[in-house]
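2 protein chains.
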Amino acid sequence: MAASDTISVLFSLPTSSILNTSTVIAINVFVTLLCACIVVGHLLEENRWANESITALLLGLVSGVVVLLLSNGQSSRILVFSEELFFIYLLPPIIFNAGFQVKKKQFFKNFSIILLFGVFGTIISFCLISLGAFLLFRRIGVKSLTLQDYLAVGAILSATDSVCTLQVLNQEETPFLYSVVFGEGVVNDATSIVLFNAVQSIDFSNIDTWTALKLLGTFLYLFFTSTILGIAMGLLSAYGIKTLYFGRHSTDREVAIMMLMAYLSYMLAELLSLSGILTVFFCGLVMSHYTWHNVTESSRITTKHAFATISFIAEIFIFLYVGMDALDIDKWKESSASAGTSVGISATLFALVLIGRAAFVFPLANISNCINRRDSDKIEFGQQFIIWWAGLMRGAVTIALSYNQFSASGGKESHERALMITSTMIVVVFSTVVFGSVTKPLIQAVQLRHVKSMTSDAADFASLEDLRLLFLENGEQSDNGNDQPAPKRSSFRLMMRYPTSTVHYFWRKFDDKFMRPVFGGRGFVPFVPSSPTGAADET
Amino acid sequence: MAASDTISVLFSLPTSSILNTSTVIAINVFVTLLCACIVVGHLLEENRWANESITALLLGLVSGVVVLLLSNGQSSRILVFSEELFFIYLLPPIIFNAGFQVKKKQFFKNFSIILLFGVFGTIISFCLISLGAFLLFRRIGVKSLTLQDYLAVGAILSATDSVCTLQVLNQEETPFLYSVVFGEGVVNDATSIVLFNAVQSIDFSNIDTWTALKLLGTFLYLFFTSTILGIAMGLLSAYGIKTLYFGRHSTDREVAIMMLMAYLSYMLAELLSLSGILTVFFCGLVMSHYTWHNVTESSRITTKHAFATISFIAEIFIFLYVGMDALDIDKWKESSASAGTSVGISATLFALVLIGRAAFVFPLANISNCINRRDSDKIEFGQQFIIWWAGLMRGAVTIALSYNQFSASGGKESHERALMITSTMIVVVFSTVVFGSVTKPLIQAVQLRHVKSMTSDAADFASLEDLRLLFLENGEQSDNGNDQPAPKRSSFRLMMRYPTSTVHYFWRKFDDKFMRPVFGGRGFVPFVPSSPTGAADET
Numbered sequence: 001m002a003a004s005d006t007i008s009v010l011f012s013l014p015t016s017s018i019l020n021t022s023t024v025i026a027i028n029v030f031v032t033l034l035c036a037c038i039v040v041g042h043l044l045e046e047n048r049w050a051n052e053s054i055t056a057l058l059l060g061l062v063s064g065v066v067v068l069l070l071s072n073g074q075s076s077r078i079l080v081f082s083e084e085l086f087f088i089y090l091l092p093p094i095i096f097n098a099g100f101q102v103k104k105k106q107f108f109k110n111f112s113i114i115l116l117f118g119v120f121g122t123i124i125s126f127c128l129i130s131l132g133a134f135l136l137f138r139r140i141g142v143k144s145l146t147l148q149d150y151l152a153v154g155a156i157l158s159a160t161d162s163v164c165t166l167q168v169l170n171q172e173e174t175p176f177l178y179s180v181v182f183g184e185g186v187v188n189d190a191t192s193i194v195l196f197n198a199v200q201s202i203d204f205s206n207i208d209t210w211t212a213l214k215l216l217g218t219f220l221y222l223f224f225t226s227t228i229l230g231i232a233m234g235l236l237s238a239y240g241i242k243t244l245y246f247g248r249h250s251t252d253r254e255v256a257i258m259m260l261m262a263y264l265s266y267m268l269a270e271l272l273s274l275s276g277i278l279t280v281f282f283c284g285l286v287m288s289h290y291t292w293h294n295v296t297e298s299s300r301i302t303t304k305h306a307f308a309t310i311s312f313i314a315e316i317f318i319f320l321y322v323g324m325d326a327l328d329i330d331k332w333k334e335s336s337a338s339a340g341t342s343v344g345i346s347a348t349l350f351a352l353v354l355i356g357r358a359a360f361v362f363p364l365a366n367i368s369n370c371i372n373r374r375d376s377d378k379i380e381f382g383q384q385f386i387i388w389w390a391g392l393m394r395g396a397v398t399i400a401l402s403y404n405q406f407s408a409s410g411g412k413e414s415h416e417r418a419l420m421i422t423s424t425m426i427v428v429v430f431s432t433v434v435f436g437s438v439t440k441p442l443i444q445a446v447q448l449r450h451v452k453s454m455t456s457d458a459a460d461f462a463s464l465e466d467l468r469l470l471f472l473e474n475g476e477q478s479d480n481g482n483d484q485p486a487p488k489r490s491s492f493r494l495m496m497r498y499p500t501s502t503v504h505y506f507w508r509k510f511d512d513k514f515m516r517p518v519f520g521g522r523g524f525v526p527f528v529p530s531s532p533t534g535a536a537d538e539t
Numbered sequence: 001m002a003a004s005d006t007i008s009v010l011f012s013l014p015t016s017s018i019l020n021t022s023t024v025i026a027i028n029v030f031v032t033l034l035c036a037c038i039v040v041g042h043l044l045e046e047n048r049w050a051n052e053s054i055t056a057l058l059l060g061l062v063s064g065v066v067v068l069l070l071s072n073g074q075s076s077r078i079l080v081f082s083e084e085l086f087f088i089y090l091l092p093p094i095i096f097n098a099g100f101q102v103k104k105k106q107f108f109k110n111f112s113i114i115l116l117f118g119v120f121g122t123i124i125s126f127c128l129i130s131l132g133a134f135l136l137f138r139r140i141g142v143k144s145l146t147l148q149d150y151l152a153v154g155a156i157l158s159a160t161d162s163v164c165t166l167q168v169l170n171q172e173e174t175p176f177l178y179s180v181v182f183g184e185g186v187v188n189d190a191t192s193i194v195l196f197n198a199v200q201s202i203d204f205s206n207i208d209t210w211t212a213l214k215l216l217g218t219f220l221y222l223f224f225t226s227t228i229l230g231i232a233m234g235l236l237s238a239y240g241i242k243t244l245y246f247g248r249h250s251t252d253r254e255v256a257i258m259m260l261m262a263y264l265s266y267m268l269a270e271l272l273s274l275s276g277i278l279t280v281f282f283c284g285l286v287m288s289h290y291t292w293h294n295v296t297e298s299s300r301i302t303t304k305h306a307f308a309t310i311s312f313i314a315e316i317f318i319f320l321y322v323g324m325d326a327l328d329i330d331k332w333k334e335s336s337a338s339a340g341t342s343v344g345i346s347a348t349l350f351a352l353v354l355i356g357r358a359a360f361v362f363p364l365a366n367i368s369n370c371i372n373r374r375d376s377d378k379i380e381f382g383q384q385f386i387i388w389w390a391g392l393m394r395g396a397v398t399i400a401l402s403y404n405q406f407s408a409s410g411g412k413e414s415h416e417r418a419l420m421i422t423s424t425m426i427v428v429v430f431s432t433v434v435f436g437s438v439t440k441p442l443i444q445a446v447q448l449r450h451v452k453s454m455t456s457d458a459a460d461f462a463s464l465e466d467l468r469l470l471f472l473e474n475g476e477q478s479d480n481g482n483d484q485p486a487p488k489r490s491s492f493r494l495m496m497r498y499p500t501s502t503v504h505y506f507w508r509k510f511d512d513k514f515m516r517p518v519f520g521g522r523g524f525v526p527f528v529p530s531s532p533t534g535a536a537d538e539t
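Residue numbers (UniProt numbering), protein chains in the order written: chain A, 1 to 539; chain B, 1 to 539.
Hints should not be assumed to be uniformly reliable.
[As the list claims (entries may be wrong)] Label-pair distances were calculated between CB atoms; the ranges are:
(1) A:173 to B:506: 49 to 55 Å
(2) B:173 to A:112: 57 to 63 Å
(3) B:506 to A:89: 44 to 50 Å
(4) B:82 to A:70: 25 to 31 Å
(5) A:216 to B:26: 31 to 37 Å
(6) A:32 to B:509: 33 to 39 Å
(7) B:201 to A:70: 28 to 34 Å
(8) A:239 to B:172: 27 to 33 Å
(9) A:333 to B:72: 45 to 51 Å
(10) A:68 to B:103: 47 to 53 Å
(11) A:32 to B:445: 48 to 54 Å
(12) A:105 to B:82: 41 to 47 Å
(13) A:208 to B:336: 55 to 61 Å
(14) A:239 to B:26: 26 to 32 Å
FYI, nobody ran anything at the bench for these hints, they're computed from the structure. We put the CB at the ideal spot given by N, CA and C, even for glycine.
Please take these sequences and the hints and turn them into a complete structure.
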């Protein structure tokens with residue numbers, strides 16, 4: 001700036017007057033910090049306590065302090081936290097990439113437990129946190145909150161942070177934990193947003209028995225339509241790319257249409273007031289199963305890495321943003337609470353989060369263990385502990401919802417509403433830094449990765465192989481002219497004994513016979529120059 | 001929407017209240033239109049009259065009409081044209097990608113002619129258009145414009161559209177024309193923005209002989225500092241990636257850091273009030289020469305295609321945007337000009353653009369021909385014609401500058417200022433559609449691609465081969481113990497006869513000895529698993 005100012009004065013001509021300077025400065029600061037996070041994250045790769053999220057959060061905090069000092073305590077924010085920026089630009093690529101890169105077999109194998117945790121778990125957590133806040137806040141001194149506010153607090157703090165989960169759990173090392181905790185996070189997101197919207201719109205003076213049923217109806221509608229929309233968009237992209245064969249002329253068109261269709265699925269869901277996160281997740285899942293195999297080799301490599309990179313940048317950006325925003329000096333001033341009250345509220349919220357999650361993880365896991373008779377499918381106590389622990393982090397969704405509920409300034413109660421925002425901030429920063437840094441070493445300490453995940457995988461593959469052999473034997477028997485009802489009875493028995501594997505087996509048969517011939521997929525495209533797995537495995 | 005409304009009414013719960021509906025609708029419309037443009041562009045690939053730009057422009061116009069009808073003539077715009085969106089998000093990836101993918105040898109071979117056209121050509125065009133507008137507009141009936149406005153019109157309409165050039169000229173088929181017209185576009189951009197800013201800030205009541213000198217000083221400062229900043233950022237990225245070796249841990253970090261550094265170079269230039277376009281172009285050039293060779297194989301494929309795809313989407317987006325914006329009904333109403341005046345102003349502006357460009361292309365090309373004694377370096381008349389023709393398109397830069405100058409509403413003269421904006425729109429749409437669709441067939445008609453480009457390339461390679469042999473012979477002679485001064489005299493003679501090739505030869509020697517060992521580059525990285533050219537040639 002100095003050099004340019006001198007020159008401008010020298011020539012008495014400003015050289016550029018088109019862009020807004022404060023925007024330009026903000027972008028420069030953010031891009032520089034993003035680069036710094038990546039470099040630091042790379043240098044600390046071997047360090048098991050740190051990762052890019054925590055680096056970004058801390059760097060964000062530090063830059064917030066610097067801006068605060070430079071502006072003489074007037075402002076700590078270069079960019080104001082915007083829900084639009086977060087929900088329109090940053091969240092979709094992260095969730096899409098998660099669906100695109102998730103191990104589909106693991107995910108569907110654990111689908112029932114994911115739904116159990118994501119739906120019932122979130123509701124249990126919501127009830128407990130709301131109740132706890134209602135009972136405890138009055139004693140600390142917060143009195144102006146309404147019943148609606150308490151329920152909103154429950155919904156806000158039940159939203160786990162699926163982004164941070166991706167960073168602390170490793171899909172390769174602990175596939176079971178990753179798929180359960182991350183899958184739960186995706187379903188949890190839909191549930192908590194439904195709860196939050198419901199809380200904001202319910203007329204509390206007129207609650208009847210229908211209200212709960214209405215909520216359930218809305219949730220089911222939201223869950224199914226969002227999922228179907230995501231699958232439909234994924235299949236449309238697969239069919240379109242297979243039929244039109246863009247790769248004939250240009251690789252760029254293929255990549256562009258994949259990006260745009262994925263984004264369109266999210267925005268369409270938002271337009272229809274569905275859960276964009278669920279939609280874009282399933283769109284990513286379908287795209288990786290069909291569409292990805294229909295494009296040229298270089299498009300496959302490009303999409304795989306480009307989606308991962310965009311998601312990676314968005315993740316770091318969010319943590320930087322949260323870090324900088326935690327020092328929202330206006331809210332701190334407005335809350336004008338004593339340090340005691342502030343710490344009290346934050347500690348209460350944090351304790352409620354811990355209890356709320358414990359109250360559903362351990363019981364539901366044990367219920368699931370009782371239903372599953374096979375030992376390899378049971379969730380050990382160590383795993384239950386990690387599931388509880390890894391889902392304690394709260395992130396940008398929590399902050400976005402908290403601003404949405406409490407940011408309306410003015411009025412006599414405005415300092416308590418500001419206090420709720422600052423307390424939520426403290427919970428988010430504390431949980432991310434503490435749980436984010438401790439989870440990796442904790443997993444190593446519990447020694448889960450060597451003992452459980454490998455045996456679990458081995459057992460899984462063995463059973464599938466057994467199953468295939470059994471089916472083959474049955475098929476051969478029927479071919480040899482034996483009694484016809486035998487294979488049917490046998491499939492039914494197998495279905496009872498290995499429900500997930502059997503569903504998977506029939507899905508594969510259906511997929512190969514009806515889906516792949518229409519929508520493409522591995523081995524079902526006219527132009528297969530080389531193995532896609534080669535490219536897929538070479539991360 | 002209908003289904004969701006019904007459901008919302010049914011359950012009496014709105015399901016999402018976080019995002020702004022109009023933003024969501026706008027994004028949905030744009031993403032859908034982008035997909036449509038890509039599909040149509042793919043289907044019309046073999047059609048030589050159409051391309052994605054024209055499709056996008058026409059689709060934008062059609063959707064503008066649809067919106068206009070739906071809103072009962074109240075509004076034609078879903079998104080308001082924003083200079084920030086254009087200069088901060090859309091333009092940088094396009095220009096960076098152009099620098100990244102440009103054929104460097106061709107570009108530097110034609111560097112002198114590019115500078116000649118880009119600097120002096122733009123100034124000539126600026127003077128002629130300003131003078132013409134000054135003399136002719138009064139006769140049509142536009143009387144309220146000031147001297148400053150006339151000069152601004154000259155600067156605005158001297159800005160050629162480098163984006164559209166990329167679409168109508170093919171780097172493989174006509175490398176000479178591509179590098180001259182596109183290179184001129186990049187330099188022209190810097191020149192016209194300098195001229196525009198100068199016009200906006202000069203005190204016209206107090207013009208003295210220093211003004212011209214000051215302008216020249218500003219231009220030179222801008223040109224050199226922007227270029228140096230771009231080169232420095234490119235080299236920094238190459239050195240950083242080579243030293244830290246990100247690929248050891250993660251491909252995504254490499255790709256992310258390349259993207260962020262490229263973007264940072266642009267934003268840093270804007271922060272320092274330099275020409276971001278020049279900076280990011282040279283950053284792309286340096287990155288493709290050094291940085292690209294320092295990353296892993298999959299990062300190379302990813303960056304190559306991801307940059308091209310992002311640039312591709314941004315280009316289509318701009319044309320869609322311009323198409324929709326051309327029906328800016330408020331400006332049309334405000335201008336309240338008769339159809340005659342409107343057509344008169346547009347036709348005058350268009351004629352001035354034609355004359356202004358002819359006035360420098362043909363004279364400067366002939367001057368260059370007189371200086372170049374080798375026949376293969378001369379620019380034939382057919383080529384001159386194509387250079388003139390392909391640079392006539394006006395695009396988003398013109399619209400952005402026009403809004404910047406004339407959009408201030410209110411006051412008695414406001415209808416004439418609005419008229420200037422609508423007339424500029426007409427020139428942009430007309431020139432893009434007409435010249436965009438006719439250029440490809442025209443080039444085929446002039447039969448340039450088969451006759452000239454191949455002979456030119458062949459001549460180029462032959463002379464370089466000769467040169468290398470000559471240098472080698474000289475080297476051997478001096479090794480044999482002959483007279484020392486001979487090779488020096490000989491190099492000097494060669495330098496005079498083949499200036500560009502000699503510069504290139506010495507640059508290669510310098511590059512191999514000093515630059516590549518530090519910054520990496522082809523063959524100078526520790527880990528070369530396979531040939532990068534294989535990946536590079538396989539578009």
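* Take a look at whether the Cβ-Cβ distance between residue 82 of chain B and residue 70 of chain A falls inside 25 to 31 Å. => holds, 29 Å
* To do: Given the range 27 to 33 Å, decide if the beta-carbon distance of residue 239 of chain A to residue 172 of chain B lies inside it.
  => holds, 32 Å
* Asked: Is 49 to 55 Å a correct range for the gap between the Cβ atoms of residue 173 of chain A and residue 506 of chain B?
  -> holds, 53 Å
* To do: Take the C-beta atom of residue 68 of chain A and the C-beta atom of residue 103 of chain B, compute their distance, and say whether it sits inside 47 to 53 Å.
  => holds, 49 Å
* **residue 216 of chain A versus residue 26 of chain B beta-carbon gap, inside 31 to 37 Å or not** => holds, 34 Å
* Assessment of proposed distance window 55 to 61 Å (beta carbons of residue 208 of chain A, residue 336 of chain B) -> holds, 60 Å
* **Whether the CB-CB distance between residue 506 of chain B and residue 89 of chain A falls inside 44 to 50 Å** => holds, 47 Å
* To do: Return holds or violated for the Cβ distance of residue 105 of chain A and residue 82 of chain B against the range 41 to 47 Å.
  => holds, 46 Å
* Between residue 201 of chain B and residue 70 of chain A, does the C-beta distance stay in 28 to 34 Å? -> holds, 29 Å
* Within 33 to 39 Å or not, the Cβ separation of residue 32 of chain A and residue 509 of chain B? -> Once the Cβ atoms are compared, 36 Å apart, the range 33 to 39 Å for residue 509 of chain B and residue 32 of chain A holds.
* Could you say whether the range 48 to 54 Å given as a hint is met by the Cβ separation of residue 32 of chain A and residue 445 of chain B? => For residue 32 of chain A and residue 445 of chain B the Cβ distance comes to about 51 Å; the hint holds.
* Measuring from beta carbon to beta carbon, are residue 239 of chain A and residue 26 of chain B in 26 to 32 Å? -> Taking Cβ atoms as reference, residue 239 of chain A and residue 26 of chain B lie about 27 Å apart, which means the hint holds.
Hint compliance for this structure: no hint is broken.
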